[in-house]
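Quick note, the sequences are listed as chains A and B, same order. Going by this note's numbering, the first sequence opens with residue 1, and the numbers climb by one from there. Going by this note's numbering, the second sequence opens with residue 1, and the numbers climb by one from there.
Please note: incorrect hints may appear among the correct ones.
Heads up, the list lumps identical chains together, so a pair's fine if it works in one copy or across two of them.
[Stated by the list, open to error] Straight-line distance between alpha carbons at most 27 Å, and here's what the computed DSSO-like set of lysine-lysine pairs gives:
| # | residue 1 | residue 2 |
| --- | --- | --- |
| 1 | Lys40 | Lys19 |
| 2 | Lys19 | Lys2 |
| 3 | Lys10 | Lys40 |
| 4 | Lys19 | Lys4 |
| 5 | Lys40 | Lys4 |
| 6 | Lys40 | Lys2 |
No lab work stands behind these hints, which were simulated from the structure alone.
2 protein chains.
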Amino acid sequence: MKAKVYVTLKNGVLDPQGKAVEHALHSLGFSEAGEVRLGKFIEVQLSGTDRAAAAERVRQMCEQLLANTIIENYRYEIE
Amino acid sequence: MKAKVYVTLKNGVLDPQGKAVEHALHSLGFSEAGEVRLGKFIEVQLSGTDRAAAAERVRQMCEQLLANTIIENYRYEIE
């Protein structure tokens, strides 16, 4: 199985890296680009076959390591 | 409209950050975790209403700025 984890900054948290990308897009002529937010996309290979158990373990991974839950949201899919 | 862009390292490209996360997961007791790959997840707000035109522009953004196509793959969705 494989877990796909998406970690994004919470609304209201400043994203200077996203701002930099936004300015760079404008400089390149992409005037239609509005707000840009940067997050992380994490793929984790998992052993085992129990999807429900794997989902719970991935939730624990996010809480303990993959996301900083003070400033970040996360969601995940098990494939 | 909003574009969601996923940028991932190509197969065969070393991912030391992913390796570090993998070791950290093992240290925390997540022994089921196998290979970990880290990528980027980018959300771009877009003005305009033409989805096909927007998709082509986002492809150009990826090629020119958002992804390093030598070592990274990208995919995107328009919402």
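Checklist entry - Can you name, in rising order, the numbers of the hints this structure does not satisfy? => result none
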